[in-house]
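**Student:** Protein chains in written order, with this note's numbering: chain Z, 79 to 395; chain L, 79 to 395.
It should be emphasised that the hints constitute simulated quantities derived from the structure, not laboratory data.
One or more hints might be untrue.
Claimed, not checked - Restricting the straight-line Cα-Cα distance to at most 20 Å, the calculated cross-link-like pairs of lysine to aspartate or glutamate (EDC-like) are:
hint : chain 1 : residue 1 : chain 2 : residue 2
1    : L       : K106      : Z       : E126
2    : Z       : K113      : Z       : E177
3    : Z       : K113      : Z       : E319
4    : Z       : K113      : Z       : E141
5    : L       : K286      : L       : E199
6    : L       : K172      : L       : D81
7    : L       : K323      : L       : E126
8    : L       : K152      : L       : E165
9    : L       : K152      : Z       : E126
10   : Z       : K286      : Z       : E121
11   : Z       : K172      : Z       : D80
12   : Z       : K138      : L       : E126
13   : Z       : K152      : Z       : D80
14   : Z       : K142      : L       : D135
15   : Z       : K286      : Z       : D135
16   : Z       : K154      : Z       : D83
17   : Z       : K286      : Z       : E303
18   : Z       : K221      : Z       : D245
19   : Z       : K106      : L       : D337
20   : Z       : K152      : L       : E126
21   : Z       : K259      : Z       : D269
22   : L       : K138      : Z       : E126
23   : L       : K322      : L       : D337
24   : Z       : K142      : L       : D331
Protein chains: 2
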Amino acid sequence: MDDYDTVIVGAGPAGLTAGIYAVRAGLKAIVLDGKTAGGLVGESPAIENYPGFQSIDGMKLAEKFKNHALRYVKIKEIEPVTDTRKENGRFILKTDRNEYSGKSVIIATGSEHRHLGVPGEEELYGRGVSYCSTCDGFFFKGKKVLVVGGGNTAVGDAIYLKGIGCDVTLIHRRDSLRAEKALQDKMFFMDISVIWDSVVEEIIGNGKVGGVRIRNKKTGEVKTEELSAVFISVGESPNTELAKKLGARLTEDSYLQVDRWMRTSVRYVYGAGDVIGGVKQIITAAAEGATAALSAYEDLTNPYWKKEEKSVEGFEA
Amino acid sequence: MDDYDTVIVGAGPAGLTAGIYAVRAGLKAIVLDGKTAGGLVGESPAIENYPGFQSIDGMKLAEKFKNHALRYVKIKEIEPVTDTRKENGRFILKTDRNEYSGKSVIIATGSEHRHLGVPGEEELYGRGVSYCSTCDGFFFKGKKVLVVGGGNTAVGDAIYLKGIGCDVTLIHRRDSLRAEKALQDKMFFMDISVIWDSVVEEIIGNGKVGGVRIRNKKTGEVKTEELSAVFISVGESPNTELAKKLGARLTEDSYLQVDRWMRTSVRYVYGAGDVIGGVKQIITAAAEGATAALSAYEDLTNPYWKKEEKSVEGFEA
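Only chain Z is shown next, with the shape it has when bound in the complex:
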């Protein structure tokens, strides 16, 4: 079995940055991922809000992150962690090929957007189908877009998209929204119209989104709407399976709970990236990975520090 100071699970921006920082701090580290490195970054058509790159293809940025991390740390791709146990004070992470033993674990397992599961959704992803208004809204300024959902996130997305200049319609399968009243008030004040009791049956387009086929669940009526983008906000699930197996506490919203230093409720277990919630940007995920690695370094180097939050200042500067 291979022994490490820290085993990082997840090779998105959070995990890769944790790898860079862990090794630079002198820790022996490895990064494991069930898929390929880069996380959701690689799926984005263009990223314009990661400082330093005015506009970059998601695949290219993912590649840059990966190559940067590879200068420091081994990355095992397509090797999902299938089980974990604690043994002699170490964390053992089992994959289908190997076992990795770590004095600490950084959980950067990300989250999955819930999908509609309708025709066109997968094929047109990144070509008008999006699960992230903050990431992609900017590309549809002045265009007609549809937001799917009825919760806080969906209504927040609709407001956000309207605010940046999209022509927004919301579609919801019921006759009332789950979102908070304040948000709903704001949305109606902004003249965002809602298609009630209706579901998207198909997303239509040739190479890019051109419209949607909508069915009214009460009347059964089916119609086609022309538009340029569909933002799907029907919830998402952080990948907290590993965190739960390790006994780490979750938040009310089912994210992995961390403090400001990315420490979870379990000693020597840290969290970073989408799995911990927050604003979920590439830049924040990377920063959380850096912070998690520095905290692991600190706790492994000087366990006394962690008893008092402010004592972490000793590491700074």
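Starting from the structure of chain Z, add chain L where the hints point.
**Tutor:** For chain L alone, coordinates are given in the frame of chain Z:
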């Protein structure tokens, strides 16, 4: 007077990223800085831990950040904020040339490393003289380095540098250290030697650090030591003047206090970057800027949200 949704003070990674995110979210924003854009980034000889750039000259990265931000937001350089007041619910920021009115303010004013004030220190900065072991330590692996100071930061730096493979000596002007015992134990366990009761009188070098001239304060003895780098850890002061004028609370360590969403104790005032403390990396500063801008957007768009921390989730995804 020019009216903005948010006035961002400080054009380092935190302020510039806040500018990008604020404008992308639909806010009218401006960035002010008393110096030139880029902050401390521009002073670093090489940056190897900002994900996406395996190794980049600090000046170049600062330039990239600035140009990226300029796509979205006006930046006023060499225009220090001299005063501020509240007027009709808006924040008025006065510079020597203009007044800027903002519904919100993002404070990203950074911090200043305290200097020794000895010959050679300024000339050899970035050429072996450093104020940041995490940033620059890696370049001196296997080399002889000196850490100046006796507090938690200095001893933490010495441990960090030893851990990554530098040959470390600490120099302190007294006969005992202020650092916590646990840290001192660790340092002595790691065989880091200390030059007691002594001060650096001069940093010597031709183009890069070659050694230091040291004076023992008790015996008056002066000697020269050959080495490759001097890490100066004699404290630092966050630039909190503006924060204090706005009435924002500071931490025990004199940093600007913020919550996870970068909100200060004053409504519509946010903090990001070195001024708020933490691990003080470029990547974390940028992430904090992004988060601060998204919180400003949220609070300006829907002030009800901020009454309950978890309601911010409504913005996510």
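**Student:** Which earlier hints can't be squared with this structure?
**Tutor:** 7, 8, 19 and 24
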